[in-house]
Each structure stands twice: as C-alpha cells, then as structure tokens.
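Each chain is listed here by its residues.
Number of protein chains: 4
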Amino acid sequence: MLRRPQIAVLGAHAPSPRLYAECELLGRLLVDAGCRVVTGGLAGVMEAASKGGSSSTKRRGGDVIGLLPGTDADEANPWVEIVIPTGLSLARNVLCVTSADAVIACCGRAGTLSEIAIAWQLGKPVIALDLDEGWASKLAGEAIDDRRSDRVVRATSAAEAVAAVLAALP
Amino acid sequence: MLRRPQIAVLGAHAPSPRLYAECELLGRLLVDAGCRVVTGGLAGVMEAASKGGSSSTKRRGGDVIGLLPGTDADEANPWVEIVIPTGLSLARNVLCVTSADAVIACCGRAGTLSEIAIAWQLGKPVIALDLDEGWASKLAGEAIDDRRSDRVVRATSAAEAVAAVLAALP
Amino acid sequence: MLRRPQIAVLGAHAPSPRLYAECELLGRLLVDAGCRVVTGGLAGVMEAASKGGSSSTKRRGGDVIGLLPGTDADEANPWVEIVIPTGLSLARNVLCVTSADAVIACCGRAGTLSEIAIAWQLGKPVIALDLDEGWASKLAGEAIDDRRSDRVVRATSAAEAVAAVLAALP
Amino acid sequence: MLRRPQIAVLGAHAPSPRLYAECELLGRLLVDAGCRVVTGGLAGVMEAASKGGSSSTKRRGGDVIGLLPGTDADEANPWVEIVIPTGLSLARNVLCVTSADAVIACCGRAGTLSEIAIAWQLGKPVIALDLDEGWASKLAGEAIDDRRSDRVVRATSAAEAVAAVLAALP
Numbered sequence: 001m002l003r004r005p006q007i008a009v010l011g012a013h014a015p016s017p018r019l020y021a022e023c024e025l026l027g028r029l030l031v032d033a034g035c036r037v038v039t040g041g042l043a044g045v046m047e048a049a050s051k052g053g054s055s056s057t058k059r060r061g062g063d064v065i066g067l068l069p070g071t072d073a074d075e076a077n078p079w080v081e082i083v084i085p086t087g088l089s090l091a092r093n094v095l096c097v098t099s100a101d102a103v104i105a106c107c108g109r110a111g112t113l114s115e116i117a118i119a120w121q122l123g124k125p126v127i128a129l130d131l132d133e134g135w136a137s138k139l140a141g142e143a144i145d146d147r148r149s150d151r152v153v154r155a156t157s158a159a160e161a162v163a164a165v166l167a168a169l170p
Numbered sequence: 001m002l003r004r005p006q007i008a009v010l011g012a013h014a015p016s017p018r019l020y021a022e023c024e025l026l027g028r029l030l031v032d033a034g035c036r037v038v039t040g041g042l043a044g045v046m047e048a049a050s051k052g053g054s055s056s057t058k059r060r061g062g063d064v065i066g067l068l069p070g071t072d073a074d075e076a077n078p079w080v081e082i083v084i085p086t087g088l089s090l091a092r093n094v095l096c097v098t099s100a101d102a103v104i105a106c107c108g109r110a111g112t113l114s115e116i117a118i119a120w121q122l123g124k125p126v127i128a129l130d131l132d133e134g135w136a137s138k139l140a141g142e143a144i145d146d147r148r149s150d151r152v153v154r155a156t157s158a159a160e161a162v163a164a165v166l167a168a169l170p
Numbered sequence: 001m002l003r004r005p006q007i008a009v010l011g012a013h014a015p016s017p018r019l020y021a022e023c024e025l026l027g028r029l030l031v032d033a034g035c036r037v038v039t040g041g042l043a044g045v046m047e048a049a050s051k052g053g054s055s056s057t058k059r060r061g062g063d064v065i066g067l068l069p070g071t072d073a074d075e076a077n078p079w080v081e082i083v084i085p086t087g088l089s090l091a092r093n094v095l096c097v098t099s100a101d102a103v104i105a106c107c108g109r110a111g112t113l114s115e116i117a118i119a120w121q122l123g124k125p126v127i128a129l130d131l132d133e134g135w136a137s138k139l140a141g142e143a144i145d146d147r148r149s150d151r152v153v154r155a156t157s158a159a160e161a162v163a164a165v166l167a168a169l170p
Numbered sequence: 001m002l003r004r005p006q007i008a009v010l011g012a013h014a015p016s017p018r019l020y021a022e023c024e025l026l027g028r029l030l031v032d033a034g035c036r037v038v039t040g041g042l043a044g045v046m047e048a049a050s051k052g053g054s055s056s057t058k059r060r061g062g063d064v065i066g067l068l069p070g071t072d073a074d075e076a077n078p079w080v081e082i083v084i085p086t087g088l089s090l091a092r093n094v095l096c097v098t099s100a101d102a103v104i105a106c107c108g109r110a111g112t113l114s115e116i117a118i119a120w121q122l123g124k125p126v127i128a129l130d131l132d133e134g135w136a137s138k139l140a141g142e143a144i145d146d147r148r149s150d151r152v153v154r155a156t157s158a159a160e161a162v163a164a165v166l167a168a169l170p
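Residue numbers (this note's numbering), protein chains in the order written: chain C, 1 to 170; chain S, 1 to 170; chain A, 1 to 170; chain U, 1 to 170.
None of these hints come from the bench; they were simulated from the model. There's no promise every hint is true.
[What the hints assert, rightly or not] No more than 20 Å apart at the CA atoms, straight line, and that leaves these computed lysine to any residue pairs for SDA-like: (1) A:Lys138 / U:Gly34; (2) S:Lys51 / S:Asp146; (3) U:Lys51 / C:Lys124; (4) C:Lys124 / U:Ala140; (5) C:Lys138 / S:Arg3; (6) A:Lys58 / S:Asp146; (7) A:Lys138 / U:Asp145; (8) A:Lys138 / U:Asp72; (9) U:Lys51 / U:Gly34; (10) A:Lys138 / A:Thr156; (11) C:Lys138 / S:Arg147; (12) C:Lys138 / S:Ser137.
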C-alpha cells in the first residue's frame, strides 16, 4: 500500500502574519508525520501550508498537492508539486474536501465555512485551528448538525492540529 | 428580455411537516411573483418548493428547475419541469447557487450551511427562513464575513422571504 | 407529468451562414414539436438554436435552456430563458449532454466531437446534422464503439434531425 | 521548481493483454523519464499504467496520480499513490486532461475519444498509441480540427510514445 494520508489545509488568501507562520509550521509537521498536504494551490494559507510541507526534512516526493480553480497550472504557488488545474472555479472547493482523508480549517471566511460544512457532510474528520476570529474558531468544539456524533475538533496550534489529525485517521 | 428571476430554495431531505408546508407556500408565492424556482430536485424541502411552484396559478412554463446530483433524470421529484442531471454529486450544490439570482435557505443542516456560504462568496442575496432550529435560523441577520456590507436577511414566513427576495433583486 | 423532452443542440461558435440558418430552423422545429432546446448558451450554433426555439409559435415557457461555462448569467445569448451559469469551464460540456434526452450534433470541431463521444457513452440518442465538413458529417451513420448496437443517425436537414429525435425518444 | 511533467495515460477498462502489457511498460518508461503518470485510477489501461509507473526504479514518490469518478478513495487501483476522488462521474474525464501536460491515448472507445477531443481543445500535446483498433489508431497522424497546426502524434510502442511526449513538452 503506497498511499499516505492526504490532509487538506483550508483557509483564506490573506491570513495574518501569525496565522501564515502557523500554517507554514502546520504543513511541515504534516509531512514530518508522513502525511501529504492538499490545498487550493494559491496564495495565503494555501501557500503557507504548501511551503511548509515542501520544507520538511521527511519529504519523500509528491507531498504537496494543489487543486486550482482555473485551468492554468502556472497559477499554482511555487511549492505545489502535484498540480491539478480543475477549471471548476468554486466547485474546486468540493474537490479539496473529497481529496482529503481529514481537513484542517484555518481562519474563517465564507469559503472555509463552506468547506467545513462539506467535510462534515462527507463524514471526514474536521479539525479547526482556533487562532483567528472567524468560522474555524466559532465552530471549534461544535457539531455542525446531528448526522454525526463527533464534533469539530479544536486545535490551538499547528502541533495540536496534527495530533488531532493523526488521532482521527483510521 | 425573456429571462425571469431564478430563486434557489435550499434545504434538507427531511423537513418538519410545518417547514414542508411553508416551503410549498414559498414555491407557490415565488412563481406567483414572477420568479422561477431552482432546487436540488429531490425530496423534502426541494420537493415542497417544486410542488408549490407548479401549483401557482401564474405558472407560465419552465418555472420549476431541478439540478440533480446524479445522471438519471428520473430521480427528480414529479414537480420538476426542467431537470438538469449533473452527475456531480456534492458539487451540484455549488450549481444550485450559481444558477440562482438569490437564495432562500430553509432549515439548517450542513448541506444548507455550505450553500449559504457559497452564495455569500458569490455575492448573491441570501434570505434565511427562520422557522426551525439550525443554520438558517442561526445565521439570519448575521454577516458571514466582512467581504459584504449586507447581512443574511431574516424571514419568518414564506411571504416575508418572497418580499425580501423581491427587494434584493436589482 | 410536466417534463417535456430536452434536446441538446451542440455546435461551434462560428458556423457558416447556411448552418446558422439551419440551426435556427432546428431550434424552432424542436419547440414546435413540443421539445425544449438545451445549448451551451453562447454564440454561433448555440445562439441560432436558442433564437429559433424562442421564435416558435408553440412556445410555452422555459423552452430555451443555456448551460454557461462561466458564472455570469449575463454571458448568455439573449434568447436563453433558463440560464444555468455553471462555472465549470469545459466540464460544462458534459452537463450539456447529461441534461439532454437526445443530442443533435451540428458541424464538427473538437468540442462537438467530445460531446458526441460523451453522449454515446451515456447511451443517449445521437443525431448528426450532415451539412458542413467536420465531425458531425464524418460520424453520421457510424458507430462510435461497440457498446451500442445503434449508430449515429444521419440527418441532412433540420426537419430530418427533428424527425430522428422524435423517433429515438422512448 | 519542484514540479515534474504530468502525463495522462487515457484508455479503457478492458484492454487486450498485449495493450495492457504495453501500457504497463508505458507507465514505467514515463516515470523512468522523470514524469508523473495521471490516470482515471481504475482498472484496465489505468491500472496498467499505474502499476508500471510504480515499478520504475526511478520512482521518487507521488509518481502515480488517480482521478476517480466517485468519492471513495478505496476504489483506486492499488498502484495509485495520490488519489483524487472527484465525485464528478463523467466530468472527471475532463480533469484527467486539465491535470496533464500532455496526454497519451491508448485504444479507442468513446471515453478515450472524448478525452482526445478535450485535450485538443485545451491545446495539450496528444500522442496516440496505435496498437489496437479504435480511435487512438484512427486519429494517429490526424488533425482533430483546424485550430491547431500540429497533429495527433502516432506512436507504435510505449518507447515511441514517451519519446514523443518528451519532444512535445516545452
């Protein structure tokens, strides 16, 4: 079995410097732990997690996957190794979730909120990095609806988020 | 100009009898007001709004549109006139929003939450029918994030929701 | 049962004047015969069929459906009544086929070829209007592969194409 | 720059034993040459190319990418390392093309024909492995339409196909 866990890091284009740094650490720790990092392949949180993932000393190749909204592979940030230009615009957000064994939501604008909700629907473990204002923080520790008995897992640091992911994987 | 406003009615498979009845009224009032009704084409809220829309005395043809997750047109509820079997599974939810000039969210499970968030991202007017527990009620009157200066509009009845839609359309 | 047959008219942005005129007639005859017309909603063959459909004296509302590659409804040609802005770019071509009970391929560039092939895969009746050079003409009367026992039906005029559609529908 | 060329190997579920063997060799030679292999992730040609790619002694990780039509990662063949369960059913074929820097079409049923046509539309180099009956063989050496000045490149062996890919990449 060659497959390694694929973890989506979900977040916005314009994170605070503190959140950018934490997401970079998050990407690195995920690859350190033997996971691959899935993002939307663009800037901000997506770039930070990609950059972090590609800086891991445990990198083994193909660890940073980017699913772009457009059809031009050159729009990916430079740390994306596997680029999937979908051409699906917003529907690509759904694929960021279907491509992941678990998701980590960082910060909290509408795009991230939709991805948390989709991950919940699809039965994927959802970890929320509670660092900034917004939906990841608001939903940390909550149930989105009653279809599942678990909750969105709160993590207050990259290290806690990775530990939560590893605990949630089968 | 032949196009009439297309309004998405978003909600779950298993509404309460009270919500089903209100969504049926909602569909009827939307078509009465000269709009078309867009839904996911299946059961529950989708069926109620479709049934209501098709019962309007102002019906002019093509008023009830259903965007299915699968590829089989026969999965549509019997009140869908225009059936778009997408085969996109969950990504079809995105199309329910892109196909609408405004959306009305009814009840509040994860699927509806994701659609509210996507509609917010796309700049579409969002009306929440505050009748049941769940996300439509929680988000009524709130801003999803700071990209827009407006808020999710609270409506406490089908009639209020239709009035809010008409006020929000250009 | 409110649903009427939905027939996709597939073809390019820049048809010859003769083909444009035949596709306009095709749209009109389809609506005359009680069908709805599905197109990609833009210019050329799509516009001709939409315009023709909306000029039928048998029009009953919602007869012209356009599935756009982008998310902006205003990109539809002015004869589209039901506009579905998908945001899926090229993947919207697949939806033009899944939304149809049968397809009529006009002219013959790569986009139309892909749609003929997809319709064949999905088991939909395929009619080819053999008027111009290109794939519709080349494939008229042929089998795409051996999964089906029928063939792409050749039609040499709009009237023949509509007769073939009506014969092919269940 | 971490990205390596991503080459889609397109073909059917039930190739002849000879074609299966050639596609396995094709996958291996692509990875030997420093490329990654993209397929639809299921059986037949997709499995052969995945298996071949994962057997290369030059494997560096993440070399075999599978884009599934469904949402269940476990449907991938066991040689897929990076699995993207799209849930898009047939529209996933479009993503097999958008994800590739060049495509190699093997055998010739309707699905492969649609992918050749989409690749042509998107301006991607198209190589046809002319081993079996069907569309890859028929289109080898041909132009799909006049939008491009090049042609579908004929290859009569895996080695020729890889040489053609390397010649076609920028």
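Which numbered hints fail
1, 2, 3, 4, 5, 6, 8
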